[in-house]
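**Student:** In case you want the letters, here they are:
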Amino acid sequence: MIEWAEDSRTRQGLYRFIGVALRPPDSYRLGMLAASRYYFTGRELDRFAYSRAWRRFDEHLDGGAPLQSLEVEYVRLFGVGLSGTPAMPTESSYRVPARDGGIADFISKIQREYRAMGLVSAGKAEAPDHISTEMEVMSYLCGVEADAWESGQGTQALENLGLEARFLERHLAVWVPVFSRRVRAATPSGFYESLIDLLHAFVIHEADYVRAVLRRSEQR
Amino acid sequence: MTATIILCGDAPHIDATEIPDAIAVEGLCRDPGRMGTVDVDPSRIVLVLHPGSYHLPDVQTALRSIDVDPLGAQIMDTAQDDAAILLAVALRGLQARASAFAGSSAEHAKPEFPREMSRRGFFRPLAPAYVAAPLLDHTICAATNGCRACVGLCPQAAYRWQSGKISYDKDACVPCGRCVTTCPTGAIETPVVTAEMIEAQVTALVTSWGEPIGIRFVCSRGALHHRPNWFDVAVPCSSMVPGSWLLACLLIGAGAATAIPCGDAGCPLGLDQGAIEANDFASSVLAGCGLESGMVVGESVFEPIRDGGVDAPFARHRAADVLVALAALTNRAMDLTHPAADTGVVQIDEFACTMCGQCAKTCPTHALVEVYEGDLVSLSFDARACVNCTQCVSSCPELGRGAIAVTGRVSVELLTGGRRDLNRGSVAVCEICGKAIAPTMMMDRIGDILGEEFEVTLAMLGSRCLDCRGRW
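Residue numbers (my numbering), protein chains in the order written: chain A, 1 to 220; chain B, 1 to 472.
Pulled out of the complex, with its shape left as it was, chain A reads as follows (with noise of 0.2 Å):
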C-alpha cells in the first residue's frame, strides 16, 4: 500500500501547489512556490501524462517570473474590470447564470458539501467556488487518503478516493477546461499560460487516474 500512499502524497502537494499558484501572487506565495518546487523532484512525475505541463512550469518558475507583472497579470485576467474579467477564476460563473440569486445558492450548496466533509472555511480563504479553494479541497482529501494508505486501511482509502472522483466529476472536471480555454484566449503565453495548462493537463488526468485506480481495485 505504501506506493499508493507515495502517490497520493504526490497528487496532494500538486493540488495544494496548483491551487496557491492560482491566489493572487505576492513575494511570500512566489517564495514559496520556488521552494516547494523541490519536493516533486523524485517523485517521477514523468510517470503520468500531465508532466510535460509540469515541466513548462517548472521552467518558468526557474525563470523567476517578477512580481509586478504577475500582479498586473492576475488583474487582468482574473479581476473584474470595466470591460469583463476574461475568466472569471470561480466556478458559479461556468455553473450557473448570475440572475435569481443562483450563485448563492450555487455557494451555499457548495459550502455543504464541505461541512460534510468535515470542511469550514477560514475567513481569510478565496470565495468556496474558487479554483484555488477547490484546489485546496482535493488536496485534503488526497492527504486523507494518504493517511489510510500509510495506516494500512485500504478500504477506507478507497473510500476517499470514490469521494475525490465525485469531487472531481461535479466540480473541478466539468469546470476547469471551459476555463482553462478562457484563460488561453486572453493570455497566449506566460507564467498563466503555462499553470492553465498545467492545471488543465493535471485536473483531467485526475478525473481519469482516480476513476482508473478505482476501477483497478475492483478487479482485485
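Careful, some of the hints might be misleading.
Said to hold, decoys possible - Here are a few chain A residues that sit away from chain B, every Cβ distance over 10 Å (derived from the structure):
1. Q68
2. V72
3. L158
Unchecked claim - Stretch-level coverage of chain A by chain B, calculated; a stretch enters the list once three of its residues show a Cβ under 8 Å from a Cβ in chain B:
4. 3-9
5. 44-57
6. 202-211
To be verified - Pairwise CB distance ranges, derived in the manner of DEER restraints:
7. R469(B) <-> P24(A): 26 to 36 Å
8. G103(B) <-> R29(A): 26 to 36 Å
9. A65(A) <-> K435(B): 36 to 46 Å
10. A436(B) <-> A125(A): 51 to 61 Å
11. V80(A) <-> Q347(B): 52 to 62 Å
12. Y39(A) <-> R30(B): 27 to 37 Å
13. Y38(A) <-> G103(B): 24 to 34 Å
14. A104(A) <-> N145(B): 30 to 40 Å
15. T139(B) <-> R29(A): 29 to 39 Å
16. A65(A) <-> A265(B): 48 to 58 Å
17. A436(B) <-> R55(A): 54 to 64 Å
18. R30(B) <-> S27(A): 46 to 56 Å
Derived from the structure by calculation, the hints contain no laboratory data. Glycine included, C-beta positions come from ideal geometry on N, C-alpha and C.
Following the hints, put chain B in place on chain A, whose structure we already have.
**Tutor:** Chain B alone, transformed into the frame defined by chain A:
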C-alpha cells in the same frame, strides 16, 4: 519534421545499413530511460523494441522525460524471424506516420493499470499505461440538431444523447476508433489515427518498396506481420476502416489493400463484421469500375492503378471524391448499392413527406437542405455530401408512413450531378404580414390528424403566423 528512429541495440534484428539514420541504444528495452542519452531533437520518435522485453508504462515515462508525447511515438516490435529489409521498409512507413503526428491534448490520454504487475513493478512506484481516447468537439458536433450517429455504433455504449448533447464515457470507451471514422461532422478525433498520418504511412510504404505492395489494415492489439510485398498499417480496430480508405490506398499507388478481421480468436469487441463489410464494399466498387476486385479481398498484389488526382484521400468526406476518381479512371458510369457504402442516396416518398424539414435540420453534413422561396418550399439533396449516416431517417416523424429512406449507394451520375430537388410544395403564408407559416402539406397532415372538429383552429394556424395570431 522527420521522426528519429531509435532501436534497441540488444540483438538487433535490423541491419543498420538498411536504416542509416537509425540510432541504436544498448539495453533500451531493459532501461528505456537510456533514450535520454540520444543527442538529437527527439520531438517525434519511432522506437524499435523487442516484444516481451519492455514494460509499456516505463517506455512512456522515458518518452515524457525527454519531452516526447508518448501517444505520438510509434513503437515497433521486432521478432527474430522478421526479415531486415521488410522491417526497414515498415520503419520508413512508421517514421512518416510519426512525423505527421499533430500532438494530443490532456483529454486524449486514458490511463490504464496493467492487470498483471511486472517483476520490476514491485520495486517501483506504480505507473499507468496510457492509450489514446477519442475526443468530441462539441462546437462542431451535430447532436443539437438530433444527430446521434456515434450513439448507435459504439459497441461499449460510451456515447449517450441527451437533450441535444452527446455525453462521452471515457471509462467505458475501449477505444476502437469507429466513432472517429463514422462521425458525419468530424467532431470526434483521435490523435493516433488521423487522415494525414495514414496517408503519410501508406505513401512512404508504397514508395519505399521497389515493387507494388499490398496494405493490410490490422488491429493494433495484435502483432504485425509484414511479409514480402505486404505491409501492415495498425489501427485501433480494423472495423474502423471505411471501404474508401482501401480504395484510397489503391489511388495512392498500392497494388492491393484490405482490412483484416481479428482472425481465429475473433475480435474481443465483436466488431469483425465491420472489416468484412468494408472489404466487400470496396470489392464491389472495383468490380463496378471494371477493375480487379481481388485488389481488396485476395492475397495477390496487382499492378497499381495510381491516380494522384485526389487530394487528402483519407480525409473525412473525401469518400465521394475517391469513388468518382476511380470511376473516372476507368470511364465507367458506376451505379451500385451496398449497405456499407460510404456514400448514400436519400429517397423521399412525396405523398408521405410533409416537408416538415426535420430531416434537413438533422442532416449533419447538409446533404439535405430545405429551401424556402416565396410561397414555395423545396427539399434538395446533394449525393456528394451524403455519408450514409441515416440520421435523417431516424429523425423523420413520418417514418411509419415510409416518407424517407436512405440507401447505401454509389452512383457516379448522382455524385457528379450536383444538388437536386427531392420534393417541392407550397407554403401557407400569413394573410396579414405575408410571412411563411409552414408547408401546406404539413398543415394538411395536421388537419388529417386533428380531424374536422378542429377545423377552426387549423384555419387559424394556417392563415396567420405566430406574431399575427393575437390579432385574430
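**Student:** Hint numbers the structure violates, sorted upward?
**Tutor:** 7, 9
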